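J.: Chain by chain, the residues:
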Amino acid sequence: MSEFLRIEGVEKSFGYRKLLKGLDFSLHQGEALMLLGRNGEGKSTLLKIITGLMRPEQGKVFFKGQAVQEDPEGFRAAMGVISHQIHFYNELTATENLHFFCALKGAEDLKEKIPQALLAVGLSPFANTRVGTFSSGMGKRLNIARLMVAEPEILFLDEPYTGLDFDSIEFFNDYLFSFKEAGGTLIMVTHQIDLFYPLSDQILILRQGRFQRIDKHAKHSYEELLIQYQEISA
Amino acid sequence: MMRQAARLLAKDIKLDLRSLENFLSMLFFAVVILLLFAFALPLDDESHELMAPGLFWVTFLLSGILNLNKLFQVEKENACMDALLLSPLSRGSIFLGKMAENMIFILAMQVLLIPLFSLFFFEALMSHFFPLLGLSFVVCLGFSSLGTLLGGLTTDVRFKEILLPLLLFPLLVPLLLAAVILLQSLISGAGLAAEADWLKLLVGFDLIYLVVSYLVFEFVMEL
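Sequence lines, in order, name chains A and B. In terms of this note's numbering, the first sequence is residues 1 to 234. In terms of this note's numbering, the second sequence is residues 1 to 223.
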């Protein structure tokens, strides 16, 4: 199987502090990577570098074998991002927001797809409601609707469980399972290890600017992973 | 790219028209400045004719900076700027969309400002309405190009309301000097063609600001 996403020698400093020290990893299509680490270790920074929100000092990101810098728009069209922010305009309605962002992604048949996606995430009654009135759970569901319409190939998730209640977490994880089953690739930064553990194929811990790898397949249980994580990040 | 910029522009206009907050604050601010000048300055026509060009562009500048300060504000809520940067939209399209939005609102304000200005200061200005609107367009192009770049640069800065004019005003000096001279020429009845060199200078600065801002904007967004 060919590499779907690869990062090579990524380095980033803030002032005199070298946060990321030559990071490498690769993912195949359909794989899920869980990125762990303490606060301030640079997990979100790494995600920003991979998604193109931040420039690395050194290193490159490759998508389907091609350097992302060669076709940044193509890479951004293929990816979806969910973070603790909802990334929608408060003054636009759910439908208007979806229409705007999905059109930017180049999605087609929006008039049919948007109502279907809103129905699937349970937001049909709020299709013409301004997003500013939504709870964070509703915002997250709307994000999932955006992904359903835009159909990304790879998902980047930065602390996506923040502010979600039990039902919303269950709904969100169901979506992630179906996304992965359909061949989607995922990278998640999270502190809620238990929620993403069943989905993940690779686990990387960012510690003092370098990766510590945990071979998930060699472990027998989630408890053992937790012990190993605590030892590495201590 | 133009299609993407047009999408962004349409979204911004929809948002602005929904609240009218930006436009009304800019317009009321301009009216207050005009009223203050009208009360503070001598009443004779000769003085007004002398001061009109300077006053007109000062009003333009001060109310225009209000709109610039708010240009990227809407993208800050819920980190929508990140969503734009994560979409296939090119950085150049974001620049063009935002610049066009700024130009449309400033020019709409100018359409209202010119009659008000002629009412308070110089009645004959109305007879130059269209040439003045054309001149406003050319000045606005340079102002919006540079303003959009610096507005993007200062979006996340804590004291951006102070920093933006500090960076912008000195760079606008050549543009404003040309604008004042050209308006003087217009008011005196000589027309814009009488000061063709200043007009060329104005257009030259417009082009430099537009091209440089467009090219630099990509790096500004990834700082």
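Don't read these hints as lab results, they were simulated from the structure. Warning: the hint list may mix true and false statements.
Computed footprint of chain B on chain A, listed as stretches where at least three residues anywhere in the stretch have a Cβ under 8 Å from a Cβ of chain B [unchecked claim]:
1. 16 to 29
2. 39 to 53
3. 87 to 95
4. 171 to 180
Since this is a predicted model, take the numbers as computed values, not measurements. We put the CB at the ideal spot given by N, CA and C, even for glycine.
J.: Each of the hints needs a verdict: does it hold here or not?
T.: Each hint, compared with the structure:
Check on the region 16 to 29 of chain A: 0 of its residues sit with their Cβ under 8 Å from a Cβ of chain B, so the three-residue criterion for coverage is violated. Only when three residues or more bring their CB closer than 8 Å to a CB of chain B does the claim for the region 39 to 53 of chain A stand; here the count is 3, and the claim holds. Residues of the region 87 to 95 of chain A lying with their CB closer than 8 Å to a CB of chain B number 6, which satisfies the three-residue condition for coverage. Beta-carbon proximity to chain B at under 8 Å applies to 0 residues in the region 171 to 180 of chain A; the threshold of 3 is not reached and the given coverage is violated.
Hint compliance for this structure: hints 1, 4 are not met, and every other hint is.
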